[in-house]
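Use the sequences and the hints to build the structure in full.
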Amino acid sequence: MNFKGRAFKFGNDVDTDAIIPARYLSTSDPEVLKKHCMEDADPEFPSKVKKGDIIVAGKNFGCGSSREHAPIAIKACGVSCVIAPSFARIFFRNSFNMGLPIFESDEAAAAIAEGDTIEVDADSGLIKDLTTGRQFQARPIPLFMQELIADGGLMEHIRKGGGI
Amino acid sequence: MGMTIAEKILAAHSQTPAFQPGDIIKVNVDVALANDITAPIAIQAVKESGVKKIAHADKVVFVLDHFTPNKDIASANQCKYVRDFAHQQSIDKFFDGGEAGVEHALLPEKGLVLPGDLIIGADSHTCTYGALGAFATGVGSTDLAAAMITGQAWMKVPMTMKFIFKGTLQPWVGGKDLILYLIGKIGVDGALYKVMEIEGPAISALELSDRLSMSNMAIEAGAKAGIIAADAKTLNYVKTRATRGYTVFASDKDAVYDSITTFDCESIEPQVAFPHLPENARGISEAGEVRIDQVVIGSCTNGRIEDLRIAAKVMKGNKVAKGLRCLILPATPEVYGRALAEGLIDIFLQAGSIIGPPTCGPCLGGHMGILAKGEKALATTNRNFVGRMGDPASEVYLCGPAVAAASAVIGKISAPQEVVK
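Taken in order, these protein sequences are the chains called H and S.
Counting in this note's numbering, the first sequence runs from 1391 upward without gaps.
Counting in this note's numbering, the second sequence runs from 579 upward without gaps.
By construction, these hints were calculated from the structure, which means they are not laboratory data.
Nothing false has been slipped in among the hints.
Here are the computed distance ranges between Cβ atoms for each label pair:
id : chain 1 : residue 1 : chain 2 : residue 2 : range
1  : S       : 814       : H       : 1514      : 49 to 57 Å
2  : S       : 636       : H       : 1521      : 49 to 57 Å
3  : S       : 675       : H       : 1434      : 39 to 47 Å
4  : H       : 1441      : S       : 594       : 35 to 43 Å
5  : S       : 745       : H       : 1434      : 45 to 53 Å
6  : H       : 1533      : S       : 636       : 28 to 36 Å
Subject to a maximum C-alpha distance of 25 Å in a straight line, what follows is the list of computed BS3-like cross-link-like pairs (lysine-lysine):
id : chain 1 : residue 1 : chain 2 : residue 2
7  : S       : 604       : H       : 1550
8  : S       : 625       : H       : 1550
9  : S       : 631       : H       : 1550
Virtual Cβ for every residue (Gly too), placed ideally from N, Cα, C.
This is the structure:
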């Protein structure tokens, strides 16, 4: 699978309160959550983001709470994948469990600029910055987690007989 | 080759005991926890899977503690959704209304989490139970749904970092100060994907409440778990509470660690973490002049009876500074009852504090203590991210109960010695 979209850049340690503030957690409706995605980091983000766009962030993306509302909000507002040097561990597993593709690459996260057009080959982890022509290789994803993404998340993986 | 506590607990709960760090293994969980924010997504996932009756209701614990007492219609509906499911699925470890407390204070108190357990919780501060010598880690709602159906979870086997605290504690320093100091040294991703094993003479000298505060904030360094080996104090704590068996694990002498770091408590003073990350920890002597609008004493980090005793010791006979709101939320009904019986609530009321019900409310900017634009709060909670307690242009500072109580009296961030001469 390929993803293509504009890059939206964020800094280090973007926490889940920035991704979706707790004041909106009295619902888990993706249509409501997407209106507030990243709003405490960039209030304009929900209105600017378009289907396919890519979040490119600094280290430790998604730190803080375990709320799955964070990857739900990111997916619902059309973001195709997230690229960062590292992800906080609960956000990391939530993303695979829910089928939100994420890619770890120090180089891509540093080199990609806001607004660049990015293409990602999800199978190989090859990240291309079409604006600058540079290419980056994301760290390999463990086999089990590749299966989760291929099945569309943990529940579908279990339903298909894959177990945990 | 020797094993760490974390590796031993994972092995005891897995069918594939020969594993290496980085391997992904399946583990049987003893406890699967969720709250009123995270349970609805898990329940929805169970319903969508077509499973009518979950196979592992006996492992499930639901606590309605975040937006409770129901803050609005939407949160009331979320709670009702969880309540209905708990009744339908015969989940008997369901805590609601006057039986509910802040989950990570409630579960140890009720003896529902024990040494050697493997606990997952759809709440990041599930790592609190590491203080009992358990492997406890925060997961997402989908993990919870899977555990309700299969009784299992997947785990990437982590490396362990060892932290040793030597020396004796300085006056007014507690577990919260030690963990803020540690996070200040290693950063909010200093233990990312790893287990923190905390030990040393200063840790052995700590009571369980202080140890629970420390393990509680392991996640604020990015850790998967924050484990303190069970000792005589731990066993004394659990023996009157446990209603099932448990196992005490200790790390082998030749266990392999990712790193070993030693801190000397002689040089650690009460800490304050400045906005907007828990890693921005400073000694109280370096806090400078920070006037505050609100103090919050409570939460899964510092809402236990021992915390309230410290706050009361500082606040006794004093008044909350004019114009400052001091909120005190005992973390569980049992803590509340003991605080009443010991006269602590009276001390807080006489000082002009507001006493709230057991709830997570203000910690996450949910309700009961929301900050306006530009306001500053000092809290015994665990996170000070942008907008954490209210308006995105408000600020949260973190500390232990002694500094919080002293600062409530003086009106700016202050050392306890400034109030208790």
